[in-house]
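Colleague: The residues making up each chain are set out below.
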Amino acid sequence: MKVKKYITLLKAGVIESVQFRLSLFIMIVGNMLYLILIYYLWNAIYASAGTDKVNNMTFSDTLIYLVLATAIFNFMEMYAVWEIGRDIQSGKMALNLIKPMEYRSYLFWSYTGGLVTNFVATFLPTFIVIRIVTKDTIPLGLNLLYFLVSVLMAVEINYSIDFMVGTICLFTESIWGINIMKQVVVLLLSGATIPIAFFPETLKTVVYLLPFQAIYNTPLTILLGKESFENVVMMLGVQLFWCLFLGIASRVFWNISVKQITVNGG
Amino acid sequence: MKENNECAIVMKGISKEFKVLNRREGLKGSLLDLFSRDYKTVTAVDDISIEIPRGQIVGYLGPNGAGKSTTIKMMTGVLEPTRGELLVNGAVPYKNRAKNAEKIGVVFGQRSQLWWALPLTESFNILKDIYMIPDQEYKDMLEFYQSLVDIEPLLHKPVRQMSLGQRTLSDILAAFLHNPGIVFLDEPTIGLDVSMKSKIRTLIHALNQEKGTTVILTTHDMGDVDALCRRIVIIDHGKMLYDNDIEHLRRFFGSYRTLKLRLSGDKKAQLEKLTAEIPECSVGITEDEEWITVLVDEEKRKVMDVLSQIQNSYTVRDMQLEEISTEDVIRKIYEDADRENGAASEETEEGSESK
Numbered sequence: 001m002k003v004k005k006y007i008t009l010l011k012a013g014v015i016e017s018v019q020f021r022l023s024l025f026i027m028i029v030g031n032m033l034y035l036i037l038i039y040y041l042w043n044a045i046y047a048s049a050g051t052d053k054v055n056n057m058t059f060s061d062t063l064i065y066l067v068l069a070t071a072i073f074n075f076m077e078m079y080a081v082w083e084i085g086r087d088i089q090s091g092k093m094a095l096n097l098i099k100p101m102e103y104r105s106y107l108f109w110s111y112t113g114g115l116v117t118n119f120v121a122t123f124l125p126t127f128i129v130i131r132i133v134t135k136d137t138i139p140l141g142l143n144l145l146y147f148l149v150s151v152l153m154a155v156e157i158n159y160s161i162d163f164m165v166g167t168i169c170l171f172t173e174s175i176w177g178i179n180i181m182k183q184v185v186v187l188l189l190s191g192a193t194i195p196i197a198f199f200p201e202t203l204k205t206v207v208y209l210l211p212f213q214a215i216y217n218t219p220l221t222i223l224l225g226k227e228s229f230e231n232v233v234m235m236l237g238v239q240l241f242w243c244l245f246l247g248i249a250s251r252v253f254w255n256i257s258v259k260q261i262t263v264n265g266g
Numbered sequence: 001m002k003e004n005n006e007c008a009i010v011m012k013g014i015s016k017e018f019k020v021l022n023r024r025e026g027l028k029g030s031l032l033d034l035f036s037r038d039y040k041t042v043t044a045v046d047d048i049s050i051e052i053p054r055g056q057i058v059g060y061l062g063p064n065g066a067g068k069s070t071t072i073k074m075m076t077g078v079l080e081p082t083r084g085e086l087l088v089n090g091a092v093p094y095k096n097r098a099k100n101a102e103k104i105g106v107v108f109g110q111r112s113q114l115w116w117a118l119p120l121t122e123s124f125n126i127l128k129d130i131y132m133i134p135d136q137e138y139k140d141m142l143e144f145y146q147s148l149v150d151i152e153p154l155l156h157k158p159v160r161q162m163s164l165g166q167r168t169l170s171d172i173l174a175a176f177l178h179n180p181g182i183v184f185l186d187e188p189t190i191g192l193d194v195s196m197k198s199k200i201r202t203l204i205h206a207l208n209q210e211k212g213t214t215v216i217l218t219t220h221d222m223g224d225v226d227a228l229c230r231r232i233v234i235i236d237h238g239k240m241l242y243d244n245d246i247e248h249l250r251r252f253f254g255s256y257r258t259l260k261l262r263l264s265g266d267k268k269a270q271l272e273k274l275t276a277e278i279p280e281c282s283v284g285i286t287e288d289e290e291w292i293t294v295l296v297d298e299e300k301r302k303v304m305d306v307l308s309q310i311q312n313s314y315t316v317r318d319m320q321l322e323e324i325s326t327e328d329v330i331r332k333i334y335e336d337a338d339r340e341n342g343a344a345s346e347e348t349e350e351g352s353e354s355k
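Heads up: the protein sequence lines correspond to chains A and B, in order.
Under this note's numbering, the first sequence has 143 at position 143, and the numbering climbs by one with no breaks.
Under this note's numbering, the second sequence has 322 at position 322, and the numbering climbs by one with no breaks.
No wet-lab data here; the hints were simulated from the structure.
Take the hints with a grain of salt, since some may be wrong.
Stated by the list, open to error - Stretch by stretch, here's where chain A covers chain B in the computed footprint (C-beta under 8 Å, at least three residues):
| hint | stretch |
| --- | --- |
| 1 | 214–220 |
| 2 | 311–320 |
Claimed, not checked - No more than 30 Å apart at the CA atoms, straight line, and that leaves these computed lysine-lysine pairs for BS3-like:
| hint | chain 1 | residue 1 | chain 2 | residue 2 |
| --- | --- | --- | --- | --- |
| 3 | B | K12 | A | K4 |
| 4 | A | K92 | B | K12 |
| 5 | A | K5 | B | K95 |
| 6 | A | K5 | B | K197 |
| 7 | A | K2 | B | K211 |
| 8 | A | K92 | B | K300 |
| 9 | B | K199 | A | K4 |
| 10 | B | K99 | A | K92 |
| 11 | A | K5 | B | K12 |
| 12 | A | K11 | B | K239 |
| 13 | A | K5 | B | K211 |
| 14 | B | K128 | A | K4 |
| 15 | A | K92 | B | K19 |
| 16 | B | K157 | A | K259 |
| 17 | A | K92 | B | K197 |
| 18 | B | K332 | A | K259 |
| 19 | B | K95 | A | K2 |
| 20 | A | K5 | B | K40 |
| 21 | B | K19 | A | K2 |
| 22 | B | K273 | A | K11 |
| 23 | B | K40 | A | K2 |
| 24 | B | K199 | A | K92 |
| 25 | B | K128 | A | K92 |
| 26 | A | K92 | B | K260 |
| 27 | B | K300 | A | K11 |
| 28 | A | K259 | B | K199 |
| 29 | A | K92 | B | K268 |
| 30 | A | K11 | B | K99 |
| 31 | B | K40 | B | K103 |
| 32 | B | K197 | A | K259 |
| 33 | B | K40 | A | K4 |
| 34 | A | K92 | B | K267 |
| 35 | A | K259 | B | K95 |
| 36 | B | K103 | A | K5 |
| 37 | B | K103 | A | K182 |
| 38 | B | K103 | A | K2 |
The structure presented is a predicted model; accordingly, all values stated were derived computationally and were not measured.
We put the CB at the ideal spot given by N, CA and C, even for glycine.
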């Protein structure tokens, strides 16, 4: 059974992530603090704007969007770039390359366990709280199903981008700068820090042509349930395209690059 | 195709070169390096050919930086050779890496492949599924392990709480778990105490005997070599210096005797003086700094002759005469190779190197 390998790695990840109870707890608290900060920041922005709606979004729209973006970020961010960089610098890459699996899948499935834990520990509670607080603004229907499909693809897209950036570390043997740049670009252009609706028109056009918006903007827009069915299908289609394209591109890039590899140490 | 069945590893004229940037010194140099295209080529492994039959334990020796790990990384498929032909289990290791990985096991001395936060038994379970080991084989292997060492207390301990010895032992067991044809052990006994070392040697020996596993062992510990390997390969500066069985090596150096002396006075000063006085012998000090050792080749000069020369100018309080040990043999080979290289480059401080 080939699938069993992957499930085993996923399970191991879950076990590993719940081993550190304190860190899990701190993550939940940190998440809450960040949400409070966002609340007051955007409160002030709306107060100074003087109108109820800014860029066609009410205060509660914006808040829901950003809170959920944070929640998605918290469970989806894999820090794969760090991991790849560390593996290269410490020379542990050698051990990972001699696993009877492709490194890309091996790393991905080692991470999925943590993702599942974080989904349950941070995303679900945040979602439930925000739904209660905003008094049923988010519909509970088919949009949840679409959202789930969309999030799975978002995870894959996010991982592919991370993996490609990580591959660059094979050449540079340093990660910090590259990773910070990647994080800023992704968080801004994906609509995770500022809703894309707030972007100027030209930037909006550019952003919709890039893969980043498919990570946060697409699943969130679908979850909020305001789009028509045709639009949802369109968005999922675009996501699927990026999913396949980046999946293949990151594999090819890795396979070419790994030939260049010089494993440190030993 | 016939040789594939007999040989676990075939290397023909393997070389590996690395491109390294020529670094300059200081802040200014570092900034200039950012735009530098000034690369130099470093040859880590230079034209090595070895054939290793199945079931053999081969000691792969050499000083630090000799190119041992680079060779191992090529054999495991992590690195691609620059030149030469390499077959492991009848396949080219760096092509289809994942598939070849099923048939090899690896322990890199100071790194663990185990899951840090999880108990050993969980790590084993993961490996079982990754390598797709059938349930029955897995059970048999664990029972076999239990008959060799007491693994029961280790199984439920998280790897991060293990001592270095326990972790190394676990890593070796993990490398053999999927019953691979070849296992690479890169300095497995580094930093371990005597009893753990002997435990690990017994384990490796038993696994080799029982499962017929080919073992490639790199080490600096002559105890490992004496206990396990019948064949040794020595490399230095990427070149192969020696490849033969260990008895042959001892016979080759059969005319060598080690003369151990206890002289009155300062040992360091005597060491320097003696090196100058008897240039045809290599002089050293034992690890406990109790004895001065003089390695004598009887074909060149008789031991008694050397002894009487020393007695003329020193007071000998105590003396012993010993066969040459494997460790001395290896040291002698390194030194001879160094001297040959030294003739080309400039190297003078041979005698100051202590044992």
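Colleague: Enumerate the violated hints, using their earlier numbering and listing them in ascending order.
Modeller: Hints 1, 2, 3, 6, 8, 9, 11, 12, 16, 18, 20, 21, 22, 23, 26, 27, 28, 29, 31, 32, 33, 34, 37 are the ones this structure does not satisfy, whereas the remaining hints hold.
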